[in-house]
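*Asks:* When you get a sec, could you build the whole thing from the sequences and use the hints?
Mapping of the sequence shown onto full-length UniProt numbering: position 704 corresponds to residue 704, and the numbering continues sequentially without gaps.
Hints in this document: simulated from the structure, not taken from any laboratory.
Keep in mind that the hints are not guaranteed to be accurate.
Said to hold, decoys possible - In silico lysine-lysine, DSS-like type, Cα no more than 27 angstroms apart, as pairs:
| hint | residue 1 | residue 2 |
| --- | --- | --- |
| 1 | K409 | K18 |
| 2 | K85 | K124 |
| 3 | K332 | K18 |
| 4 | K194 | K329 |
| 5 | K124 | K93 |
| 6 | K93 | K194 |
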Amino acid sequence: MEVPVQDLPVLKKLTSVKLSLHPILQYGVVVAKIQPPPAPRDVCQVGCSIVLVIDVSSSMDDNALKDSVEISTRSSHLTILNLIKHCALAVLKTMDGQDSLGIVIFYEKALTLYPIKKMSPQNKNAAERTLRNLTTQRGTTNIWAGIDMALDMFEEADTTGQVPAIILLSDGVTTCAYPSCGLTNALRGRMPFKPSIHTFGLGPNHDSRLMASVANIGDGTYCFVSNLAIMQTLFVHTMANLRSTYATRATLQVTCTNNVIVSDDLRQRRDDTDDGSLALYLGNIQYGQSRDIVLKVQPARYEAASALDQYIAATVTLRPVLEGLGMAKNRKSTICLADKSRLPEGELAYHASRGYICSFLADLLGAEANGDICIPLVDLETRLDNFDSLIHEIPAQDYHDELNRSLMKDLNGAKLQISTALDSDEHYESWGKHYLAGLLSAHARQVRSSFQAVGPLQYGVNSRLFNSCHHRLTRVYNTMPPPKPAAQVIRSGACPTAHRDARVHNNATSQMHNVIEPRHGGDAASTKQESTQVLESAMPTMPGQKRSFEAMNWNQDGRKEPDNDGDSQATAMTPGPSQNAACFAHGTPLTLEAGVTAKVQDLRYGDMVQTLAGRRLVVGVLRTFVENEVLCRLGDVLITAWHPVSFDGIAWGFPVHLTVDPIMYTGDVYSILLEVDRRPFAHTVLAGGLWGTTLGHGITGGGEGANDVRAHPFFGDYLSICDKIAVLRRINGAYQCYGVTRDRKTGLVNGFRTCEPKPDASDAQP
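*Replies:* Following this line, the structure appears as structure tokens:
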């Protein structure tokens, strides 16, 4: 359930920031823990001063991220600029009088479309008109001009009591000449500056070296945006991080005694001095989220007794946003290397493991002390050898708490995003280096990023302010009408999931090309009694027939050939554009009303399950037998490739776009029908931490749902679902389905098969 911001309790007393040092000599590190207050007093979100720096060069008119290799965008017909405007409008809707906004565009030059102004109702309307009227311009791409103009705007702006930030969005590489000294050197030449700089690299063709370096030098975060779902999630997380900021421009000064050598294991921007001291630039610190700096330590002598006279001292300097008009505040701490940390052993192993991961990524990506991310060429064998060493040496493998498990899931869990990014030059160059640079940024700064990696999702989880801001932004996205598509298109392409299928399963993905985009939109039905009566009506007994699972053929334009019996049937091997009725594999755990779980095959009429709208009654369970079906593994869940899912309840996508771990599955799969409700969120179930849609969700076609990946004229129509299920035979508590039927003209699913296909049929079971 969404938690209203105003209902969250606020602290009665505002505590101060604390600094402590924790030696972990068995791992050769010291952790500097900066603990900010859990939340501000009498404030539900921190004010922000944001300047959006938006690329409007002609390439931003391309179909949204159509060239993405890691995650396809079959679910989107939008231009890249459409998506940016949609996300920016959502940010604008959450702003009020304590916030400020400015808008800069750039192509061959930069223009200030909207100066930094407080977001009064009148100014919000003006800013909204400016965003809606954004159009692309002919010409080259001059990224530096946009950054430089945004920094100029902040020099004159009063940001007292606000978090200043630049959000830079671009899909390509700069095609104008850099400043003579180089773009990153020019940026360093403007330091110190007030705002942090957060960069969004859109699609596989952007210059991740430049975008990641700009974010690093600007003490912000770099995000790789590969599709619409990730873009919305990253915007929500970035804004929630900014709105929960305790202090800005934090630095950590570290000094040592007796020739102790110390270095930054997280490889952040830093200054090294001849006397062995170290200055780290940390950027923003968030309420309720500790900042844990992992320092690699090499004592002067390795005998245990030598640690007794070896000390490390640290001083953190930061500027609290809501205290003392942003004046600097210092905290100091000193520790003897022989001292024992009071932190739990599992937490110490977790931070040491974060250091291992960041060091691996920083070495791979060429992270330098001045903030540059060079991304040098690294041969395949070296990449894989270093990754194998990381997995075998990382301390987290010996611990089973949630934090350590989150790191191990990213390294050797079901999704295998990191190893897939590394396992071929094609993957690494097309999307892997972008993804890994974003992962390094998230772990080094301890901020939540996209749902593609489990580890960064742990950041901010205990911050009430972050979570309240996250919920507020989520509600805004859920209530906004989707951006209007530029045009519906048919296009070819496959993501690494498809490439991997082709290697492992041969014919399984031989027809994953030339697919029609799914249809969208609609409304639900009206009463719970109506649905129950339909399903409890008498049902005929259907004689069984021998199953036939021969794959069907698709025309070049993506349309399906009609069956011999005048019907149409989905293929098991080719994921059709209009999602199969099948959903969760046998054994999938679903969350019930009290938080307990039950296997999907054990679900029965009358059970209560948890949805995004609260508890809802199970009206029916649909069971379908499939053979050699392409299923996707998302965490611990096996789900059919085209069934809409969401990791956070905000953005919805297809499993085939969100995983690189498909399998061939033979067995039963299940779909759920819940009690009637007009709200799509009431037609969801929680399966192993993953939200999935249920039948009859109400998004059917046209209207505000026209751009929603959940939309389908049959699967979204509650009454049609009830009508078609009513003629199925109930066996062992579930309605037995033998596949789907399709409309002969449109090729879209329009019903369920009541019996097995004829042995000589040319169609296949979904």
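*Asks:* All hints, please: hold or fail.
*Replies:* These are the hints, each one checked on the structure:
For the hint linking K409 to K18, the alpha-carbon distance of about 31 angstroms lies beyond 27 angstroms, and the restraint is violated. The hinted pair formed by K85 and K124 meets the criterion: a straight-line CA distance of about 14 angstroms does not exceed 27 angstroms. Using a Cα cut-off of 27 angstroms, the hinted pair K332 and K18 holds, with the two alpha carbons roughly 9 angstroms apart. At most 27 angstroms may separate the alpha-carbon atoms for a hinted pair to count; K194 and K329 meet this at roughly 16 angstroms.
Distance hint between K124 and K93 is fulfilled; the C-alpha atoms sit about 8 angstroms from each other, no more than 27 angstroms. Using a Cα cut-off of 27 angstroms, the hinted pair K93 and K194 holds, with the two alpha carbons roughly 24 angstroms apart.
Consistency with the previously given hints fails for number 1 only.
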